[in-house]
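J.: Listed below, chain by chain, are the residues.
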Amino acid sequence: MKMGINRLDWFLILPLGASAAMAAEIDPPRETVLAIAPWEQAAILVPMTLLVGVIIAILTALDRRCSEDYLFQIMANAALVGVAVSMVIHLIWLIGTKAYGLPDLSAENMVGVTTLAWIISYYWFRLKGIAR
Amino acid sequence: VNNNLKVLRAMHNWSQQDLADRLGVSRQSVNAIEKGRYDPSLPLAFTIADVFGLPIEDIFSRE
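Respectively, the protein sequence lines represent chains F and B.
Be aware that the first sequence starts at 1, since it is given in this note's numbering, and climbs by one per residue.
Be aware that the second sequence starts at 133, since it is given in this note's numbering, and climbs by one per residue.
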């Protein structure tokens with residue numbers, strides 16, 4: 001199904017609420033079933049990141065061919081904002097953790113923050129434009 | 133980048149949707165270009181020039 005920009009404007013309202021809920025979610029501490037060493041974690045995460053990165057890069061190239069340029073540029077710009085916002089929020093929260101004893105952010109919280117920032121900036125660029 | 137897309141469209145008596153259909157993009161794309169909220173990619177700019185039968189520099193200019 002080809003996602004037109006008009007349809008996407010309405011469609012993104014759904015994950016907007018879901019990502020806000022994910023960002024706010026506080027899970028009780030879970031019991032760790034499997035203890036792994038840092039090098040084991042790196043051995044899992046690094047190749048997985050490389051593999052998923054390559055797959056997403058290929059799919060993005062496909063998406064670029066299928067979607068119109070205006071839509072793709074808005075989504076790409078919004079994705080950059082989403083990543084930057086996630087990094088800054090994470091840093092601010094980390095300082096808050098050290099200084100004020102805030103609870104650690106979970107991966108779900110960060111996914112929520114990233115998605116929320118991406119969707120908000122999508123609507124921002126739709127409203128304000130992306131011309132230099 | 134400035135453009136005179138709106139003037140050219142009016143000269144041909146085309147709506148934004150008419151032009152969008154000729155370009156194979158959405159009406160929102162045409163609207164964003166006309167309002168200066170989006171600079172089209174080079175392939176799209178060439179397609180616009182082809183649709184109007186004009187050189188690209190007659191449609192787009194630097195600010």
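Hints are not guaranteed to be accurate.
Computed cross-link-like contacts, EDC-like style, restricted to lysine to aspartate or glutamate with a CA-CA straight-line distance of at most 16 Å [stated by the list, open to error]: (1) F/Lys128 - F/Glu40; (2) B/Lys138 - B/Asp171; (3) F/Lys128 - B/Glu166; (4) B/Lys167 - B/Glu195; (5) F/Lys128 - B/Asp171; (6) B/Lys138 - B/Asp150.
Derived from the structure by calculation, the hints contain no laboratory data.
J.: All hints, please: hold or fail.
T.: Okay, the hints, checked on the actual structure:
1. Proposed proximity of F/Lys128 and F/Glu40 is contradicted: the alpha carbons are some 46 Å apart, above 16 Å.
2. In summary, the hint linking B/Lys138 to B/Asp171 is supported, as the alpha carbons are separated by about 14 Å, within the 16 Å threshold.
3. A threshold of 16 Å between alpha carbons decides the hint, and for F/Lys128 with B/Glu166 the separation of about 13 Å falls inside it, so the pair holds.
4. Annotation: proposed proximity of B/Lys167 to B/Glu195 holds, straight-line Cα distance about 14 Å (limit 16 Å).
5. Of the pairs offered as hints, the one joining F/Lys128 and B/Asp171 holds, with about 13 Å between alpha carbons and a cut-off of 16 Å not exceeded.
6. Taking the CA atoms of B/Lys138 and B/Asp150, the gap is about 12 Å. The hint holds against a cut of 16 Å.
The earlier numbered hint that this structure contradicts is number 1, and it is the only one.
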